[in-house]
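**Q** The primary structure of each chain is shown beneath.
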Amino acid sequence: MKKKYIIFLFICVISVVLTGCLGFPSTSKDTTTNNQTATSSITSNINPQVAMPKSSNSIYKEPVKIEEGATASDIANAYLDCVVTVFVVNSYDIELSFGSGVCVYSGGYILTNNHVVSDVLSNSSYELRVCLNGESTSYYAEVLWTDASLDIAIIQCQNGNIPFVKIQDRLIDETVPSLQLLEPVIAIGTPLDYSLQNSCTYGYVSGLNRYSTADNNVYEHLIQHTASISKGNSGGPLFDMQGNLVGLNTLGSVEGNDIYFAVPVYSAQLILQEVIKLNEQSTRQAYKMPQLGITLCDEIMCMFYNENYIDSQGVYVMSLQWVVILILYYKVAT
Amino acid sequence: MGSNSYSILQSGDIIKKISINDITYKVNCRNDLIYILLMVQNNKSITVTVQTNNKLSSVEITLN
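Chains as they are written, first to last, in our numbering: chain A, 1 to 334; chain B, 1001 to 1064.
Hints should not be assumed to be uniformly reliable.
[To be verified] Part of the chain A face toward chain B, derived, beta carbon under 8 Å: (1) 142; (2) 143; (3) 144; (4) 149; (5) 221; (6) 224; (7) 296; (8) 298; (9) 301; (10) 304; (11) 314; (12) 319.
[To be verified] Label-pair ranges, simulated between beta-carbon atoms: (13) B:1028 to A:273: 31 to 39 Å; (14) A:319 to B:1024: 39 to 47 Å; (15) B:1017 to A:318: 16 to 24 Å; (16) A:178 to B:1024: 35 to 43 Å; (17) A:282 to B:1010: 43 to 51 Å; (18) B:1017 to A:285: 29 to 37 Å; (19) B:1017 to A:255: 33 to 41 Å; (20) A:69 to B:1012: 52 to 60 Å; (21) A:228 to B:1010: 26 to 34 Å.
It should be emphasised that the hints constitute simulated quantities derived from the structure, not laboratory data. Even for Gly, the Cβ is constructed at its ideal location relative to N, Cα and C.
So here's chain A without its partners, still in its complex pose:
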């Protein structure tokens, strides 16, 4: 009798161990998301469990590869899932604005425009959400770095399992041939309405190093192109025919035809690794943009602000912060 009792106990213990290993729901599941906020949905009929990040087995570690000689259609199809829709919602979960974005690194790191996410920074009750291609669920996202004058932001989506693209800024990067006039480009994004998510358009580079003014900012080094974009395309990617991410679509002319602009992604390319490194440290840190403490003005800025400009080359020093002046005097004295 005692022997049967021991066998019964043994079977019970084995059952409990197996039950745990087979992954039945655990109450601690939601707390293991590596400093990320909980998932929720914009649409009310979505079960939040559906939007939990997928298992680590399927996490993308390498950028989506584009074969040599790929057509525009091949590139668009390959990158479709790398492009996301970025929403700003208020405290009542009502969508206020949306734009597009593109995943550029394993772990849900997304590039978008500063003006797509800037409302979240100015109002603490607003939140950022990301919708993946073809999904009706949304994920929380967080702004890691943003710069208004470059109109670029790096955000991280709670769902880190998003395929990503390779960044290659051909406008400034001297290791690859620069963008050429009338070179074909592909734009992907969500124009006008979420039902048009990840629309793909095709066009040509129609100008380089353009500048434009909007929202009290002067945007420089813009890529002018003809791949049609509309409201909602902001922050969406512009690809060349090698599949390189060359820009983020930012502006379009209301009056003209086929006059659209993308900001080059060079600045984001320079700091992406640093932003990720700081974000993934055990003591998570935000990236702080280095500052010279000097107010600068170049030819284009001077035209915008009607300041005197005495040289067409170089950057005019308008003013210095007192801290910088102290440092400079210290340097001279020593």
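Got chain A; can you put chain B on it based on the hints?
**A** Okay, now just chain B, sitting in the frame of chain A:
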């Protein structure tokens, strides 16, 4: 560049070049400086070469 060539950067000066670890970058517009700042994010100080009245001088600025 010796210490005698140091001068105080002032408003009205024009930054033409910026040197980081003996590598000199030309500065033509405001964005150039933003890119350079992003490149030197881990450096504690950089040397800025400025041109005023056709005279070159050099100052060191600490990133904050």
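**Q** Hint by hint, work out which the structure violates, then give me just those numbers in ascending order.
**A** 1, 2, 3, 6, 10, 13, 14, 16, 21
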